[in-house]
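Asker: What follows is the residue order along each chain.
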Amino acid sequence: MDLNLTLGGPQGGGIDTSSNMITRAFAAAGYNVFGVREYHSNIKGRHSYNHLRVKEERPRSLKYPVDILIALDPDTIFEHIEDVGEGTKIVYDKQFETSDLASARMIMRDTAKRIRETLQEEKLPLNIKGALQLMQKKGGIPIAVPFNEVVSSAISDGVPTRYFNTLGSAITLAIAGLPVEFGEESIKQVFSAKEKVVAENVKVVKAAYDYCSSNKLAGKPIPKLAKKRRFLITGNDGSAIGKLMGGLRFQTYYPITPASDESSILEEHGAIAFIENENRKLKDSGIVIVQTEDEISAVTMAQGAAITGARASTATSGPGFSLMAEGISFAGMDEVPILITLYQRGGPSTGLPTRNGQSDLLFALNTGHGEFPRIVISSGDVEECIYDAMKGLNYAQRYQMPVLHLIDKNLANTSDLVPEIDSKRVKVSQVLATQDSESFRRYNLDTDNGISNAGYLGKNIFWMTGDEHDELGHVTEDPEIRDRMMRKRFQKLKTVEEEVPMNDRAVLYGPSDAEITFVTWGSQKGVILDVMEDLKAKGITANLLYIKMFEPFPSEFVSGVLKKAKLVIDVESNMLAQAARVIRTNTGINIEKSILKYNGRHITEDELLNSALNIYNNRKEEKLEEVLENGA
Amino acid sequence: MAHNFKSDVTVDWCPGCGDFGILTSITQALSELNLDPHNVVAVSGIGCSGKTPHYLNIGGIHTLHGRSIPFATGVKLSNPNLKVIVPGGDGDMLGIGAGHFVAEGRRNSGLTIIIFDNEVYGLTKGQAAPTMQLGEKTKGLSRANIFGKVNPIALALAAGYSFVARGFSFDMKQLKEIIKTAILHEGSSVIDVLQPCPTYNNINTMEFYRKKVYKLEDDKTWDPVVTGESMDRAVEQFQKAYNKGLEWEERIPTGIFYDNRAIPSFTKRLNEFVPQYFTNPPSDQIVSGTDGFTPVDVLKTFADKTI
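These protein sequence lines are chains A and B, in that order.
Per our numbering, residue 7 is the first one in the first sequence, and the count goes up by one each step.
Per our numbering, residue -12 is the first one in the second sequence, and the count goes up by one each step.
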């Protein structure tokens, strides 16, 4: 099975609940579900949707056209005209048929204008019927369901509209051929404690299935697969889980999309349960989470905590990260172990506050004035978020420097079913305070690897200053000490290179010899791996050079791969091909072919495959750039 | 032997600077409180005041301009058993760091904030600080100050600080006592210290202040302490403190304006949610299991994420 579906409706209209229900229903039947959430910077009313994919094996990407489009409002039909194709079933409330485009006020004006022009070009009426006719031309199959009638006949009390999202999900499940008991099971999971709500919603699920079977909409039953326990988590969850596993004890944040979910998740799970044999020693430890007055405070308060010995971190997004620049410079100068999780969204400025982007890589590599060492890592899937957050906390304490962990919005809002979280994959190498002594030298220069004595206020007496300083931490402007301190700090980057295994810095997926070598970082990893299989089916071999650590940069490895490569295609969610620039700076190698996307939406398998083939077929050209445009 | 709270670093403030009196008052207060030097930390910002931690023989962080409060809050909240002193300039606290100053009033973490209030930015050659009067022309300025002044006492009260006081750098006896009371105060305290800048402020000199200052405690009926027994009493004292804080032209009051012991500290508020917060704070926790791996039971902790 390979089922792609989009569920859309007004923000605040229960889209997430529906999506959760669909995911849990398929999961209960043993299937794997992968999804991305798209939404406006708005609380109620504007269009939001979840794009999901269901397969027997774990999906890694999403695809258009979708097989089922579920519209919980008329806007969804207008917004997703382009996402339907041969056989797409468009499920909607029959009442929407009276809606016209002019009254769909929550559609962004420019989007509405484009939809109007599309319909006008096709000489179709500017209303739902026109949009549906256009979708039919593309092969879509409209399925009008009298939402109110079906729900009203099922529930014993309450407002019918409140159950429309459940109805939409249940119809989807029925069309997909999933037996009704899984739909009921998912209702129980979603509304767990609320018995009455469960009962009413279960009635709606049954009514939906009945409606589908009596109207010949129900799909051929799909088999039940072996069910295993899994974690249903997002990238935000992954980072939070990794931080808790990795010993985080102090997190600061200022509310910002899409970063603050991570801090809320930490707060909800702040009462840590320890494994049995550790219980006696560690019983009832807690984590402090502080919502600060701004991101300047967030990055400096976390450092205050780190200086006392707590594993500390903050999470933010573009605008907040800009405010952190001076604080990050202090962490570099004063060798403060902090982890900063940077959730990238579309910039510049407020940009696309709820949409995807990878345009902060160059900034992350250069944030803050002056020259100081830092570690910059990036994750590409939900599981990597977990282990990279753990590693990030380790790096910060081991190398006494700021660690920036980049996660893009697409990944933050990806939901995935993870079979296992391995507590033994990454050690938690806590660095404790050095025994205190008279004249404790926090910044001792007699170190080969650049790493000085770990010390924490409260346990050691020493000084820190943003000024250049001596071994004790007092201000100095002495030219010789300055040189030695600069060299000592940068020596640590060499130590990182010696100690961190290459697998944690860059990975080559696929055959070592291939016709196409993709280069990427972040959340495109999954979609490229899928496209590599599509290409293989067409007789074209491909591999992927996937970069995880940008500072210190794995120059030798990258350069080794690229020098052997036949056709290199850089894939990024930004306009300037920033990773390609980093590669050029570090290796001198120019990547001339790129596939870029900066409209803020996730890259889908179909569009990436098309562009990859375009480039492959025109590979004789010296320079090629494809810009992807999918997504509502 | 008693710990010497003065470090051996050469003090490079100008001769006659009010900062010396503040530094001495701090070291005397620490000595008299007989604090373990490991348990008290100084966190400063930038400027002349920012150098203070280096002159103290306790752990210290000389941070960024305006950011001493969030750094200090991180120290305090990660290890609530530490005493955290925050020496800062008027520009540091009420200009570039004003947002943090107000936010800390709402938190009440337990910091001892000492404002070195000399109305000028000394280290950058005497520009007007937020506490300088409108129309004042000190010798470092090429024209009279065109900004109004912020009142540190009134602002501290309005921000919610539970302890608000004013000292004078040439009355070290009084200042030392205020600092001692502030350090022992559970919530956050603000001490606005009037001090001359002999190099750049030729208006607010030692003589200027000597003529105007008077001590609140000289009035035997003055009682700044609020214990929370009555809401009316808290409101009444807040208003009295506020009104006293407005006095400036004729006479300037020093001493403790407001000492509200009923407002729970931020650490107490956190303690409601964080298990064993005071006995096993974030700074002291062992986070690695006996085998070197995470001791966290992921399945139990994230049970809600499993299906």
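Any given hint could be a false lead.
Ranges of calculated distance between the beta carbons of each label pair, as one might list FRET restraints [stated by the list, open to error]:
(1) K160/B x A279/A: 47 to 57 Å
(2) K160/B x E505/A: 55 to 65 Å
(3) M581/A x V222/B: 38 to 48 Å
(4) G357/A x I133/B: 28 to 38 Å
Think of the hints as simulated: they come from the structure by calculation, not from any bench.
Cβ atoms here follow ideal geometry from the backbone N, Cα and C, with glycine treated the same way.
Asker: For every hint, state whether the structure bears it out.
Answerer: Hint check:
About 54 Å separates the C-beta atoms of K160/B and A279/A, a value consistent with the hinted range of 47 to 57 Å. One distance hint, 55 to 65 Å for the beta-carbon pair K160/B and E505/A, holds here, with the actual separation near 56 Å. Against the hinted window of 38 to 48 Å, the Cβ-Cβ separation of M581/A and V222/B comes to about 58 Å, which falls outside the hint. Judged by the Cβ atoms, the range 28 to 38 Å given for G357/A and I133/B holds: they are separated by roughly 37 Å.
Of the hints listed earlier, the one the structure fails to meet is number 3.
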